[in-house]
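**Q** In order, the protein sequences belong to chains S and X. Its first residue numbered 1, the first sequence is counted upward by one per residue in the working numbering. Its first residue numbered 1001, the second sequence is counted upward by one per residue in the working numbering.
I should point out that these hints are in silico values taken from the structure, not numbers from a laboratory. Be careful, since some hints might not be right.
Unchecked claim - Pulled from the structure, derived: some chain X residues nowhere near chain S, Cβ distances all over 10 Å:
| # | residue |
| --- | --- |
| 1 | I1042 |
| 2 | F1090 |
| 3 | V1139 |
| 4 | I1168 |
| 5 | L1178 |
| 6 | Y1272 |
| 7 | N1449 |
Said to hold, decoys possible - Listed next, with one range per pair, are the computed distances between beta-carbon atoms:
| # | chain 1 | residue 1 | chain 2 | residue 2 | range |
| --- | --- | --- | --- | --- | --- |
| 8 | X | I1469 | S | G278 | 38 to 44 Å |
| 9 | X | N1449 | S | I11 | 42 to 48 Å |
| 10 | X | Q1441 | S | R435 | 40 to 46 Å |
| 11 | S | G204 | X | G1411 | 14 to 20 Å |
| 12 | S | I289 | X | K1455 | 55 to 61 Å |
| 13 | X | K1455 | S | R111 | 27 to 33 Å |
| 14 | S | A46 | X | K1455 | 39 to 45 Å |
| 15 | S | I11 | X | E1156 | 48 to 54 Å |
| 16 | S | S232 | X | N1449 | 49 to 55 Å |
| 17 | S | G475 | X | N1449 | 58 to 64 Å |
| 18 | X | S1030 | S | L32 | 43 to 49 Å |
| 19 | S | R111 | X | S1030 | 43 to 49 Å |
All C-beta atoms, glycine included, are put in the ideal place defined by N, C-alpha and C.
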Amino acid sequence: MQAYLSIAPVIAICVSLIAAILIVMSRHYPRLCVGWTIGSAVIKFAVIASMLPSVLNGNYPAIKLFELSPGISLAFKVDSAGMIFGLSASLLWVITSVFNIEYTRIFSWLRDIRYFASFTVCLAATIGIAFAGNLFTLLIFYELLTIATYPLVVISGKPEAIFAGKKYLAYLLTAGALLIIATALTFRYAGTLDFIPGGFLDAGIGSDKLLVLAVLFIIGFGVKAALMPFHSWLPTAMVAPVPVSALLHAVAVVKAGAFGFVRVIGFVFGPTLFHDIGAGTILSIMAGITILISSLLAIGQDHLKRRLAYSTVGHLSYILLGLSLFSPIGWIGALLHIVNHAMMKITLFFCAGAIAAKTRMDRVSQLGGIGKQMPYTMAAFTLAALGLIGIPPISGFVSKLFLGQGALGADLWILLALLLLSGLLNAGYFLPIIRRAFFVPSDMFVKYDESPLLFVIPLALTALMALYFGLQPNGLFDFFKLATDAATSVFAGGIR
Amino acid sequence: MILNHIIVLIPISLLVFSFITFLLGTVRRSLAYPTALVGSAISVACSVVGLILVLQGGPIHYYLGGWPPPIGIEYVLDYLSAFMAVLTTFIGFISIVYSRKSFAQELPHKVVPLYTITLLLLSGLCGIIVTGDLFNLYVFLEIASLTAYALLAVGEKRAPVAAFRYVIMGTVGACFYLLGVGFIYFSTGTLNMADAAKLLPAIYDSRAIIAAAVFIVIGIGLKMALFPMHSWLPDAYTYAPSAVISLIAPLMTKVFAYVLIRMLISVFLPEYLSDVIPATLVIGWLAAAGIVIMSIMAIAQDDFRRMLAYSSLAQICYVALGIGLANPLGLIGGMLHILNHAFMKGCLFQVAGAIRYRTGLTSISKFNGLGKKMRWTMGSFGIAALSMIGIPPACGFFSKWYLMLGSIDAGNWVFVGVIALSSLLNAVYFFKIIEKVFFAQPDDDIVENAAEPPKEMLVPIVIMAVAIIALGLVNVYIVTNILEPVVNHVFN
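Just chain X, with the same shape it has in the complex (with noise of 0.2 Å):
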């Protein structure tokens, strides 16, 4: 039976996929993004499907090979890696769709390699959502991370500095991870994630662990570039190809919230990294000083990319207080606002990119009276805008709503006033380009001869935009369905 072996599926197709891409592409390179794009839809309906048999019947485990833990490999599919997963695949099949064009603009030369690529990244990315096993997961973080320097590296100039910072730091990360790993596997003497969550309790107060724990916890917030080890990121999304970015800033830093909720819930478990050593603490105040000074900077910010880079980097941070507060609402919160981040940043580059392809423009000063020339761009742009800010019905207000409910039920009135701060503050970036856009009379001729972008890149455009508000009014569905048995697993 086929669905038995779904979960490998999700990050196998993409695996598979990338290789036919490149034996395609190297025969005829205009072959690339239609085998990329199948390959990604492959993957879409593989997590799909895993989304529904989990749904419907719990949690699925998957032996590699047919070794059972402890020994082999397992993968697991329950809620939150099977959420996880049709988010990735979905979000990577709308920036393959968006890509053609903005590659065709950019990078005409290199199509082939930057799908092939692109591929083994979603492939990489769904490898660390599904494994269960701990150094499975650092295989499919590296695979991820080279594919991403690799990515972000072809972009403008600039482009290879910031991206070689990010190798340093990244590498820096990803050891810091295997070290930990190392020393869970000396003193438990297991890989498989269930399987140390059992064996680690006995052992809590061995220095190993703590050392462990904090390895982990730190690798993990450099790879998602959790305040104050941010400094890569900046600079990496602003010189990256818009097709690329649109694609890493939604899912990449996620995708690391993601191992550290795993870490938190399923390896470490939160007694132990709230209780006996104050990592959850640590994090949720790191968070909550991020999100205030990060949209700082990016109210500071002139280059819209560079804007958006500031503002994910808060964004990452309201995942993080999450996962600081560690308890159901705001692990819920936390967890809610991946899926909303990341709708909302990737609509948001995409129109970055779709302004650069039509104008060249970066430059937020220069917006003047885009909103005439671009109305369903800029229209969809004034829906994500706002739902970060936090209007409701958009779904950006739902995760700010189940984190501040998250932060009452923990007493914490410096984070209830954090994140009512933050929204004040994203006001301020985003009416400021509001303003320009729907507001100012165009004072250039490169806006006077703006146009929408192409339908390839303007539909992905406005399916995100729809996409953020329907998220909102089903939140409860997800909530209920998906994230409330993660949680109440957790903290029963």
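With the rest of the complex left out, here is chain S (with noise of 0.2 Å):
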């Protein structure tokens, strides 16, 4: 595996910033500021394709700009696991901004230049994260994305937004200045940040001293991958509009954080390592609680975002668990997972968005009869909640099973029965929604018809997606492989 020098990850973050430039500028102009938006968003993932060819040949674009702290740099560099975060969001990315046309047409409040160009800014930390050659540059767009995601979070200016707003800094600032000083502790201990397949943390530093460290960063990222007891943020959250719920909570930040686990157990500690100090049954533990409470929270939740919100949660906890398994098998299941939950849950959102759009409804008692009026929406929800419970052929099945796979390699059957319980639940809180959509009659809905074309082609598109991935796990743009490749690099050093 080697590097090569491109500025093509620049351009891939760059494109999102001058569009945000560009948007306040043309601040009088909101349909100028929607075409802002999908311009970079597909120059954006053009882009970043265009690195996908080089990428699965083990060649990666790298590119170091400038020094930022004595010793660090302001580094980037594609591999495999940042080419499936960085590929994944800034797909869906594409298709957000085009759902957004019609959501900002309908609640048209939305049309203000803070949306857009907090959406944008969002967008090009998400990539900066993906890309980040090294802990320090990682950390900068991580600070940069709880930022840039705070307005759309209170953008109502309403109470419950504003007060869902101070929560969610509470939480994830408190969470970037644990991760400041684990950063600062790691670069004292390894005189190094870049980012090395296998880690670059040594074990002669004292198996205490690391495991504080590694409880740094489990709360630290943690709090983005809503880990429980950290996740009470993201419900909260829900109050934000729908394409911002879609992208970036189920997405772009949350996933963030489950992309930092990805970094610090396979790219700085090393999983060996990870595991030898005890942080990796701490993180399994904690994701297989979390797994199991938030599918039961779920359950309870009359509130479709808030639902479909703690569904996330316990998803997120998924991808950890993968991560902690300490076998490759596992993290081609969690990488996968990334991608694989971020199609069937913005579809989800995209469904649930559309429907408050078209009925102003948000509860899933509120629903019943709706699959008639609006078959395509239902059809779609109903293919990406399948996806979830785990039903193949769709992509949730084929995550699962690597993970399952994972946990019998490492002869934990425990977590093969969480997994399948976890699956049971999932059809606890999706089925009824879908039951109740189709199968409960109902005469509130007939006043409204199937959603705009806007919004019924991207939330078909990303169903088919979630069908087609799970069919194809390797089609379009190799997943698979790349989960593969970033795994065997990772665990290249072997087990133990």
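Make the complex out of the two chains shown on their own, each in a separate frame, by following the hints.
**A** In structure tokens form, the structure reads like this:
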């Protein structure tokens, strides 16, 4: 595996930053703002996709810009793991910005430069996290993402939104502060922060110190990845507009936390060391508990978006569980779940948004009979929900299969049982929605018909992608190969 | 060659122009501003040339009147003083640009004395920075202090009382410093810093030197408003004229922090202040307590300027924390924070002045919706606030980063925790404002009618905001070329 000099990663990040500036400049022309958003999204995706072939060949685009602190550069390197996250986020960003067109037309108060500009900055930060070549660069974009998401949460200016914003900042800035400490410690221990597959920390530092460091990282990234007990900002943040919840609170922001774990476990500690000091066990227990409790809590939610939020909490911990499993197969499952969960969950949020935009209904109990009026929307919802439950051949099944195999390989039967149980619980909170939508007769929705085309196309597209990647995990973007490459490189030093 | 005299020109140009400003100002009031501007521009040019010379050829020594030390007065432009001189004169220049409209609105009849005294203040601060002589430093310290008392006293109704408190505390501080210098002079027979530094190690265990160190540290601590000797500052900062405070807040306490660093690295040397007597330990812990307590106090304020004053108190404790760590990275963090905080607090006080200029508002609870009306001003405020919180890549993050590395090197986990905690406390009081300014609806006619301040105020604000980001991105250059030589010289 080698690296070659390329400015493509920088372009991919700067495209959105430039778009943000253009948006601010054209604040009197909301249509133009929409245009800049879509344009930058497409260019960003194209730039990232153009790097895919060389990444698949094991030839990684990389660039070091300048030093930010003596010995630490602003550096980017697009490896397989980063590609998975960057590609899926930028692909779904294109689709979300299409969804945004109609959504901001219906909720016209969202035609606000703060909304569009913050959204694009968020994407720049997400791609920065994906392509960061060292921990310091990742940290910078991680903090930027925290700040750029804040306006999107409080955008409505309503008291509950302001409260959600406060809670959001309290959680995420605390996490950021812990991460800064962890990064500073790592730098003092190792003298470097450059990501290396298999890790760069040395066991000689002492397992106590390393365990403290690992715990700091677990909390720091765990908050964004909504690991219990640090999850409660996420359901509260559901007051944000639907595209924000869809892209940021199911794909970009929360996955940035999960991706932080990918980097820390695989590229800072190395799975072996992370496991040997006992941090793997801590993480897997926390993730296991999170999966169980969040699924139970999801069942109790009547507010559709909050139910989806708790489901997200659980599925993020699938990823963390896979990463803590200490087996390449588990890692493949975890990395695939980053993509697969993103496609399925964004579909569900789009559906929730389409329903809310049409009917202003946002509670599960209000949705009786909606399947008859909005068949395409609810069909997509059903497909994605079944995928999250883990029904083949939808992509959720594939990642769950690998996660389960990883659990078996690590001789952790209890985790396999947990995964199966969680599948049942997923069914427990998704199937009632579907049943109500299709089989509870109600004339409440007679006056409504199918969502506008600009809603149906994005949500159908993401649902079909979930199906496609279930049938062809290696199709189109070779996510499966990317995940395998990443897992192999991390475990190149062998297991133990 | 004029370049040989560049050191002395930095304070002298300001001193001379303060007289010219007064003379021309008495002829015609409108001449005061341009003259002051020219004077301060010349001082910026001198200090920039000085910095370039130092970067190229190392420290410059200048013997006043040709008398070599220890008999004569020596001026020294080393990495640290050249850096501080550029910072001081630049902030001075920006503040004078900013001040015109503000003075014209708040104190139209007093512009001539105001500009005269402002230049005198800058001259005093520059003198403190470049002098290599302990007593000469005291002289400049008094020039800077007296002029600052005068400037702070002309503000609102309550300003004279606040300034009077400052006079008393400041005079006590100056006296303590002078006493300390006296003890050093008894014991060593010299007033030259470099000479004293050579002579002191032989008599480290003398009581007189301990007394000197304690007097000097406490005296300077009072002047820099180090917690718990800060009580004069909040009132003085709150009631002062906007343009005055946007000059004094970024500079005054920082220059005294510089004096403390100077005492640490050029007079007593770290081995004395941290090993023989535990002065740095005390400074460090006081600073750590101050960071937390002052940040909490800032949260409780409703007056924007008062909040910023408490925030300044917390931030000066960062510098003190770096001094207290007395290790290379901690000291780098502290020195870098002098620079970063000067820009951040300068920007914030200028924003406060601009809001007051356009709306008369000082109370945070009435800032609802201001962001829509004053986009550039409040955008700059946002950048400065995020930098204060420590969001990268704004400069505030990096000083905290070095301080954190320094605390880790010192093995002091409490300091690490305090630095992290203070970011969060900063977030509490700044996001309280950000939330109102950008996301609340205007509920007030005053805000509805607000507009951007005039260009002369807006441009300095935006320049400061841009500088905050730029300083963050180029901090490595400053650290490796200017600050590392300083600490390497001390810690070898």
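**Q** For each hint, tell me whether it holds in the structure or not.
**A** A quick look at each hint next to the structure:
Against the 10 Å criterion, X/I1042 stays outside the reach of chain S, whose nearest CB is about 33 Å from its own CB. No beta-carbon of chain S comes within 10 Å of the beta-carbon of X/F1090; the shortest separation is about 23 Å. The beta carbon of X/V1139 sits about 38 Å from the closest Cβ of chain S, which is more than 10 Å, so the claim that it is off the interface holds. X/I1168, annotated as away from the interface, keeps every beta carbon of chain S farther than 10 Å; the closest lies near 39 Å.
At roughly 39 Å, the least C-beta separation between X/L1178 and chain S is larger than 10 Å, which holds for a residue marked as non-interface. Separation of X/Y1272 from chain S is adequate, the least Cβ-Cβ distance of about 27 Å exceeding the 10 Å criterion. With a cut of 10 Å on Cβ distances, X/N1449 stays outside the contact zone with chain S, its closest approach being about 20 Å. A hinted range of 38 to 44 Å for the beta carbons of X/I1469 and S/G278 is consistent with their spacing of about 41 Å.
The hinted range of 42 to 48 Å is satisfied by X/N1449 and S/I11, whose Cβ atoms lie roughly 44 Å apart. The hinted window of 40 to 46 Å between X/Q1441 and S/R435 holds, with their beta carbons roughly 42 Å apart. The supplied range of 14 to 20 Å is met by S/G204 and X/G1411, whose beta-carbon atoms lie about 18 Å from each other. The hint said 55 to 61 Å for the Cβ distance between S/I289 and X/K1455, and at roughly 59 Å that hint holds.
Restraint check, X/K1455 to S/R111: a C-beta distance of roughly 30 Å satisfies the suggested window 27 to 33 Å. Distance hint check for S/A46 and X/K1455: the Cβ-Cβ separation is about 41 Å, which falls inside the suggested range of 39 to 45 Å. Between S/I11 and X/E1156 the CB atoms are about 53 Å apart, so this pair conforms to the stated range of 48 to 54 Å. Distance hint for S/S232 and X/N1449: a CB-CB separation of about 41 Å, inconsistent with the stated range 49 to 55 Å.
In this structure, S/G475 and X/N1449 meet the distance hint of 58 to 64 Å, their C-beta atoms being roughly 60 Å apart. For the pair X/S1030 and S/L32, the beta carbons lie near 45 Å from each other, so the given range of 43 to 49 Å is met. Remark: the range hint 43 to 49 Å for S/R111 to X/S1030 is upheld by a beta-carbon distance near 48 Å.
Taken one by one, the earlier hints fail for this structure only at number 16.
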